[in-house]
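Protein chains: 8
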Amino acid sequence: MEEILKQVQAGNMSVAEAMAQLATYEELGFAKIDHHRKKRQGFPEVIFGEGKSADQIEQIIQSIQTEGSDILATRVARDKAAVIQGRFPELIYNETAELLYSRQKPRENENGSYIAIVSAGTSDMKVAEEAALTAEAFGSQVCRFYDVGVAGIHRLFNNIDGIRNASVSVVIAGMEGALASVVGGLVSHPVIAVPTSVGYGANFHGLSALLTMLNSCASGISVVNIDNGFGAAYNAVMIDRIARNANAPQ
Amino acid sequence: MEEILKQVQAGNMSVAEAMAQLATYEELGFAKIDHHRKKRQGFPEVIFGEGKSADQIEQIIQSIQTEGSDILATRVARDKAAVIQGRFPELIYNETAELLYSRQKPRENENGSYIAIVSAGTSDMKVAEEAALTAEAFGSQVCRFYDVGVAGIHRLFNNIDGIRNASVSVVIAGMEGALASVVGGLVSHPVIAVPTSVGYGANFHGLSALLTMLNSCASGISVVNIDNGFGAAYNAVMIDRIARNANAPQ
Amino acid sequence: MEEILKQVQAGNMSVAEAMAQLATYEELGFAKIDHHRKKRQGFPEVIFGEGKSADQIEQIIQSIQTEGSDILATRVARDKAAVIQGRFPELIYNETAELLYSRQKPRENENGSYIAIVSAGTSDMKVAEEAALTAEAFGSQVCRFYDVGVAGIHRLFNNIDGIRNASVSVVIAGMEGALASVVGGLVSHPVIAVPTSVGYGANFHGLSALLTMLNSCASGISVVNIDNGFGAAYNAVMIDRIARNANAPQ
Amino acid sequence: MEEILKQVQAGNMSVAEAMAQLATYEELGFAKIDHHRKKRQGFPEVIFGEGKSADQIEQIIQSIQTEGSDILATRVARDKAAVIQGRFPELIYNETAELLYSRQKPRENENGSYIAIVSAGTSDMKVAEEAALTAEAFGSQVCRFYDVGVAGIHRLFNNIDGIRNASVSVVIAGMEGALASVVGGLVSHPVIAVPTSVGYGANFHGLSALLTMLNSCASGISVVNIDNGFGAAYNAVMIDRIARNANAPQ
Amino acid sequence: MEEILKQVQAGNMSVAEAMAQLATYEELGFAKIDHHRKKRQGFPEVIFGEGKSADQIEQIIQSIQTEGSDILATRVARDKAAVIQGRFPELIYNETAELLYSRQKPRENENGSYIAIVSAGTSDMKVAEEAALTAEAFGSQVCRFYDVGVAGIHRLFNNIDGIRNASVSVVIAGMEGALASVVGGLVSHPVIAVPTSVGYGANFHGLSALLTMLNSCASGISVVNIDNGFGAAYNAVMIDRIARNANAPQ
Amino acid sequence: MEEILKQVQAGNMSVAEAMAQLATYEELGFAKIDHHRKKRQGFPEVIFGEGKSADQIEQIIQSIQTEGSDILATRVARDKAAVIQGRFPELIYNETAELLYSRQKPRENENGSYIAIVSAGTSDMKVAEEAALTAEAFGSQVCRFYDVGVAGIHRLFNNIDGIRNASVSVVIAGMEGALASVVGGLVSHPVIAVPTSVGYGANFHGLSALLTMLNSCASGISVVNIDNGFGAAYNAVMIDRIARNANAPQ
Amino acid sequence: MEEILKQVQAGNMSVAEAMAQLATYEELGFAKIDHHRKKRQGFPEVIFGEGKSADQIEQIIQSIQTEGSDILATRVARDKAAVIQGRFPELIYNETAELLYSRQKPRENENGSYIAIVSAGTSDMKVAEEAALTAEAFGSQVCRFYDVGVAGIHRLFNNIDGIRNASVSVVIAGMEGALASVVGGLVSHPVIAVPTSVGYGANFHGLSALLTMLNSCASGISVVNIDNGFGAAYNAVMIDRIARNANAPQ
Amino acid sequence: MEEILKQVQAGNMSVAEAMAQLATYEELGFAKIDHHRKKRQGFPEVIFGEGKSADQIEQIIQSIQTEGSDILATRVARDKAAVIQGRFPELIYNETAELLYSRQKPRENENGSYIAIVSAGTSDMKVAEEAALTAEAFGSQVCRFYDVGVAGIHRLFNNIDGIRNASVSVVIAGMEGALASVVGGLVSHPVIAVPTSVGYGANFHGLSALLTMLNSCASGISVVNIDNGFGAAYNAVMIDRIARNANAPQ
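Chains as they are written, first to last, in UniProt numbering: chain A, 1 to 250; chain B, 1 to 250; chain C, 1 to 250; chain D, 1 to 250; chain E, 1 to 250; chain F, 1 to 250; chain G, 1 to 250; chain H, 1 to 250.
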């Protein structure tokens with residue numbers, strides 16, 4: 001803004017032009033931040049695919065590609081994905097996670113910082129893969145620790161060192177969701193807990209696991225929406241990026 | 001009934017007398033079962049003290065003592081207990097558990113069968129003691145494993161052998177109630193889970209722990225009402241008695 | 001562990017080998033318990049079929065059969081079962097209960113201990129059969145008492161002796177779920193109550209029966225998740241096994 | 001209205017007077033019905049005492065007495081009742097039911113029709129007495145069957161004949177509320193079910209009993225609000241009055 | 001029973017025969033009541049069709065017809081009904097109400113007693129017709145007052161006299177369910193309220209109308225389960241029968 | 001009424017005729033108001049299409065057209081609309097909003113009063129268009145401000161002047177519904193908030209946005225049912241009409 | 001902004017000064033709007049008294065009075081109000097509504113526009129008075145129509161003309177909340193509905209009335225939070241002000 | 001472990017001693033981790049004061065001080081705190097936050113990393129201060145941005161730069177909780193959202209804000225339990241510590 005004012009003062013810019021720029025500034029100010037954030041951090045643009053037609057998604061992809069950004073579309077059902085891939089064959093589709101995304105460039109793991117994706121059962125894999133692939137699409141390294149639920153807690157303990165060494169954990173569990181509390185008590189980094197709708201009866205579509213995680217007696221746990229693997233990964237990547245800076249060789 | 005009919009046939013009993021006895025049979029049939037169950041199993045009569053006045057409780061105690069049974073009154077607030085003890089000084093009052101009960105005769109632990117009372121935190125002690133004292137009042141041996149919640153899971157593992165050797169476990173936890181699942185995955189005997197109302201916010205007065213326990217991914221867990229230490233103990237004693245017979249020296 | 005240490009002390013085992021064994025011990029310790037429990041108790045491995053593809057289930061069956069264990073798969077829809085039976089024709093499929101399981105060896109009923117499976121209405125039969133067949137697959141004797149709901153309570157009374165003589169009852173009811181309380185007041189053994197989602201409107205998919213059973217005014221009742229016939233049977237078999245030991249001829 | 005119009009036509013009534021009367025008719029039309037209903041049926045005016053001050057209740061009583069009606073005030077706490085009785089010493093106060101009401105004239109029981117007030121436990125007595133005293137204040141005969149809950153179902157069976165002979169039953173139960181279903185299955189007259197807030201934990205202040213009663217598998221049961229003994233009695237009296245006419249000697 | 005005992009005393013009946021009869025008595029005692037109730041009151045046997053296969057329903061119909069009773073099957077979907085009518089062409093199917101029932105004999109309306117079936121909107125017609133046809137199948141006269149919801153309250157007032165003259169009203173409403181309160185304030189006979197699941201959003205599948213009706217500020221209203229037109233009719237018929245006796249010419 | 005009475009008094013009207021007119025008055029009184037309201041305000045008749053068959057909707061359209069009114073049918077699925085348009089080809093169908101309506105005459109925007117339709121995301125467009133088209137069908141000018149949710153609040157600020165200048169805003173948002181509070185804090189006219197069921201998990205079908213809007217810390221916000229774009233528009237049009245009168249050139 | 005830029009261009013303002021003003025503009029921009037809105041509309045500043053100490057409220061009053069604004073404090077308990085009045089004796093306290101406010105100047109009712117405050121029962125008076133006094137404090141005329149609930153609907157009809165002539169109605173009802181639908185069907189202006197927490201049992205602290213109002217089958221109704229008389233009045237005043245402009249003599 | 005085995009192999013350690021150490025290792029393994037975590041990170045020991053007596057808290061403080069750790073006790077009511085300070089006068093008590101804690105050593109703010117504590121209203125201050133003081137007790141720098149709720153969004157924008165420069169934000173809001181979404185859309189660091197129970201009516205004790213935050217349309221938000229300021233701070237400190245390492249001068 002100072003620059004614009006100086007131009008006006010110097011007579012290099014008319015009042016009308018300055019007003020347009022300042023108005024734009026007000027508008028693009030936020031937009032810039034928006035862009036800045038996306039560009040600087042290398043976040044691809046994200047499309048929430050649920051409730052959008054294949055055609056709508058294609059238009060958005062077209063618009064994003066024009067900006068030169070990578071694509072990440074969540075909750076894209078298989079049949080819609082097939083249609084879209086017909087037009088954008090360069091996109092990869094993961095059926096388990098229902099994700100459609102741009103091929104990632106190989107990442108070099110210079111400093112070893114990674115996110116642990118920990119899931120309780122095989123039925124939680126859809127959400128777990130949504131989280132894992134999202135994190136990878138955002139440029140973080142990921143280690144998967146699947147099917148380590150508390151009903152057979154030795155499975156967790158056999159993997160606990162790998163989990164402990166991560167910069168942040170995403171813990172995914174349905175049914176009673178107890179895994180988040182147990183992991184939270186065993187690690188010293190932040191845990192992002194994702195309740196899933198896996199289960200039946202008094203599970204009430206994920207309410208049970210959600211309440212479990214919100215009431216966790218272990219500290220260091222925060223929670224995202226039921227089945228929101230994407231959101232958990234987004235949080236985890238934010239933290240992992242800080243950690244990567246911290247760990248970076250100097 | 002056959003006996004009565006034979007008496008009628010033999011002319012030793014009038015029709016009127018037989019009808020009275022058969023009617024009584026119908027009525028006392030159930031009542032007998034009731035008495036039989038209480039007497040044979042050595043269960044003291046149980047008074048649910050909540051919502052009853054000291055005076056009402058005293059009258060019931062009077063009536064039970066006339067039958068020669070022991071007393072167990074649950075949820076008796078301290079001030080009511082003081083009044084009642086004024087009249088029945090032989091009764092013991094446990095303030096933590098809000099239980100008022102007859103002094104127990106020393107039990108001989110011939111075969112070592114016992115009930116594990118496992119609780120997550122110190123705030124669950126009221127419910128845990130209600131369960132432990134109830135089980136003792138019903139004649140079972142009890143081992144207490146308190147404050148072994150999953151936030152610091154080493155506390156549980158340090159005690160797991162003692163829990164595993166019990167005939168049945170009562171697991172008491174508030175907040176997210178994850179302890180029941182973890183214990184259920186580590187022992188091979190039945191687990192009676194008691195959610196407690198300990199917690200705040202999205203705990204919703206015990207709903208969180210209740211749902212957790214009902215949705216446990218570990219097998220062998222059944223659940224009683226929130227804060228129902230008495231009911232859990234009642235179930236556990238039933239199982240422990242079968243186990244004591246099974247273990248009895250022959 | 002002592003043995004391993006002695007071997008190390010004696011120079012018969014290298015430090016590396018000892019560490020591997022101790023690590024394995026830590027890991028297999030839990031796994032052993034796991035195996036021990038399954039093997040000793042004759043529990044077949046259980047597969048939760050819901051949300052798994054026929055292919056996934058086949059792989060797990062393959063893996064379990066390699067270990068020499070029996071198979072019990074719950075919640076397997078008819079079409080998936082048909083595919084799986086194509087590959088494993090020796091498995092039996094029960095369509096009502098949606099169970100797929102290994103043929104059982106004939107059980108000798110030496111001491112007459114059995115589990116009562118008590119259900120309120122014909123619509124509860126799916127859950128009741130899941131419980132009954134599970135209990136049989138786990139080696140217990142079962143007596144079925146179906147369609148004895150409280151709306152016509154004489155049906156229950158006509159069967160009450162058979163229920164009373166069981167070692168444990170599984171009581172299955174939807175709608176208002178009152179049957180569990182009535183049975184609980186008439187028997188002196190543990191009752192495992194299973195609310196079902198049978199009903200409509202203010203039944204709220206089983207919530208009504210669930211709350212009824214949790215609040216039962218009869219003692220000796222514990223509850224499992226809505227429609228969880230498997231879980232109830234698992235609990236009941238644990239208790240019946242203790243009872244069978246107790247009743248065994250000596 | 002025809003009469004008024006004829007008077008106008010005949011010149012016996014001015015247009016203004018007719019309009020006043022017709023306007024009054026419109027207004028008093030409803031009011032008359034209101035009065036008619038109250039007067040003809042001998043219903044005393046009813047005051048809902050909760051949330052009203054003693055002074056407000058006194059003013060309403062004053063107004064009702066001026067009309068010559070009897071008084072029935074529900075949910076009047078003891079201390080408020082004491083104040084009001086200071087001014088209206090002729091009113092009777094029942095502390096259990098928190099009812100304040102006019103002394104009833106002796107009723108002659110010509111045809112034996114009566115309402116059965118059936119309650120599950122002693123803690124339900126407040127609601128049961130609200131129902132019983134209300135029904136009596138409205139002129140019906142009442143038989144009380146208290147403490148006949150399903151946990152000891154023989155208590156119910158010992159009283160079932162007396163319940164069956166009533167014209168209508170009011171069934172009052174808290175906790176799991178199963179009594180309504182059992183009574184509904186044993187009688188052939190209408191059952192008005194009243195859930196009470198007696199209980200704790202997953203009772204959720206009466207929700208458990210309410211859902212139980214709404215989902216009853218027995219036919220002939222309808223339900224009123226939690227703890228609404230007054231409303232149940234009001235319904236029952238309506239039915240009992242029809243039955244009294246039906247039974248009346250001719 | 002007295003008769004049996006006298007026969008035994010007189011030597012006309014053996015003890016074994018008497019025991020069989022008394023046992024039968026105990027069993028058939030309840031069954032008899034059951035039959036007595038159904039037969040005397042002319043209630044056809046009722047089949048809850050939801051969740052039963054066409055084949056199962058056919059078997060039950062076969063069994064009921066053998067007893068010589070009429071048929072009333074509720075919640076029978078159109079395709080199932082078509083199959084069943086193929087075998088029992090004498091049955092009538094009403095598609096709106098999803099009822100399948102025996103043709104009724106013409107009823108003579110000697111004393112004019114009838115049930116008012118009052119519904120708020122055209123979307124409530126399924127439930128309203130279930131109630132109306134059930135009441136007719138049970139032998140009551142019915143008057144239908146449909147589409148008289150409170151949004152255009154003049155529709156109700158235009159019909160209020162017809163409603164007032166009924167012996168009992170069944171009031172059916174979805175969305176906010178206010179119609180029950182308004183009718184309850186305008187009539188002096190019992191009102192059976194049926195909340196329906198008609199609506200969307202914060203209606204929560206009928207919860208809104210259910211709560212409205214339970215909390216009605218008008219007296220004389222009792223409530224059945226959401227969409228339970230059958231249950232409301234069953235209650236109404238019970239009351240209408242008493243009224244018909246009361247009104248009968250003598 | 002006075003007129004009628006005078007006619008009677010003057011002998012120009014018989015009592016019978018007067019009674020018919022007064023009765024009609026009572027009945028048509030409400031109906032007239034109804035008509036008056038619809039006609040005077042230019043509201044087309046509205047048909048709630050959900051749960052009605054194409055045939056039923058056609059009959060209602062026929063009846064409304066006979067009265068000469070315009071048509072507005074909400075929640076008409078595409079296939080039903082196609083059938084109806086076959087018969088009424090003059091009707092317009094908007095697939096996004098599922099609205100079927102009469103072509104509007106061009107409105108002259110004399111005084112510039114308009115309704116702002118503000119929506120948070122593209123998934124809310126169905127509800128937003130239901131609101132916008134309804135308002136237009138009722139004769140109001142509408143400005144659409146779509147996809148201005150708070151996650152990128154600059155989008156809202158870029159449009160805030162256009163929103164501020166409206167006479168009333170309809171704010172439509174799903175997920176967490178925060179947009180209503182933010183708009184409410186920035187404008188000085190009434191805000192009608194519409195929660196939508198857009199979202200998943202702990203959104204609970206719109207409950208989340210509903211509660212958000214009811215608890216808004218900004219003043220001047222009132223709320224309609226989840227997804228009720230029609231209802232919000234109806235309210236907004238009522239207010240906009242007052243504003244149009246206020247703004248009208250004089 | 002243009003002015004500032006011209007000053008800069010003309011050299012009358014330094015860049016630094018311009019930046020400060022523009023920054024201030026950004027900040028005060030919103031603040032100005034805020035002030036503008038309050039000042040221009042004559043809204044007194046509003047203090048939400050719940051959860052604030054008497055001392056905190058006094059400080060805020062002090063600050064507001066310094067700005068020369070009137071005071072309106074809601075939800076101020078009696079004892080707190082007494083303390084505050086000790087310091088600000090010019091403030092008026094209404095105990096029923098728990099409002100503390102500045103004495104209003106007499107309003108001239110030039111054009112007769114007024115808000116109808118309609119309440120169902122005497123227990124709703126606290127909320128009704130909060131609404132009425134708030135509206136008066138904001139400068140609107142108010143007519144009170146209290147105790148006109150639907151249980152005795154003639155009370156409403158006797159007052160319907162007065163309600164119909166208002167510019168907007170605030171309808172306040174607890175228990176089942178049906179009054180809003182009935183009023184909404186009888187008037188042609190906007191209705192702001194306020195559910196109250198008056199009631200018990202299945203009322204669930206106002207949830208029942210809230211759902212009723214949200215699901216109203218009458219159009220033209222929008223809803224505010226439970227017991228939020230203030231918020232309803234705020235909405236109503238906004239609409240009434242438009243109406244006053246519309247009605248103003250010209 | 002390797003070290004121990006080598007000592008055994010070398011004969012420097014007996015088998016018994018090794019077993020004790022390994023056993024201890026197993027037990028203290030977890031405990032060590034626990035200690036390690038607390039010590040290394042400078043976390044003081046935390047006591048959850050709710051439901052503990054002053055005496056119990058004193059004992060725990062005594063035990064912690066013996067270990068040389070600092071004290072942080074949450075949810076300590078004023079009267080309890082007064083008693084405890086009588087014995088531990090060196091502890092500081094903050095009445096707003098109900099925190100009792102050891103005096104902190106001055107922190108040097110070498111690299112400027114800090115946590116933004118952002119709250120919506122003055123009523124949220126208790127939770128906000130619990131978070132702020134906890135974070136300070138754990139060694140982080142904190143900037144407070146209080147009373148910046150969305151109803152007057154300019155307050156937020158005036159402070160947005162300060163919030164954006166934090167390493168992590170804790171956003172605290174009651175009522176509708178919209179602030180978290182707005183902040184989440186404006187910053188590029190993780191946001192920990194804390195719903196508070198501030199509000200009334202359809203707020204349902206914080207449920208409204210909780211659901212809002214879980215469903216946030218802005219990415220980068222995770223949620224903790226209602227009113228859990230402590231838990232949010234714990235999470236934030238974990239992240240801020242990573243950031244401090246990242247920012248540290250090298």
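Because the hints were derived from the structure by calculation, they are not lab data. Computed from a predicted structure; not experimentally measured. It is possible that part of the hints are untrue.
[What the hints assert, rightly or not] DSS-like cross-link-like pairs, simulated, lysine-lysine; straight-line CA separation at most 30 Å: (1) F:K6 - A:K52; (2) B:K6 - E:K6; (3) C:K6 - H:K52; (4) D:K52 - B:K52.
Indices of hints not satisfied (ascending): The structure conflicts with hints 1 and 3, although it agrees with all the remaining ones.
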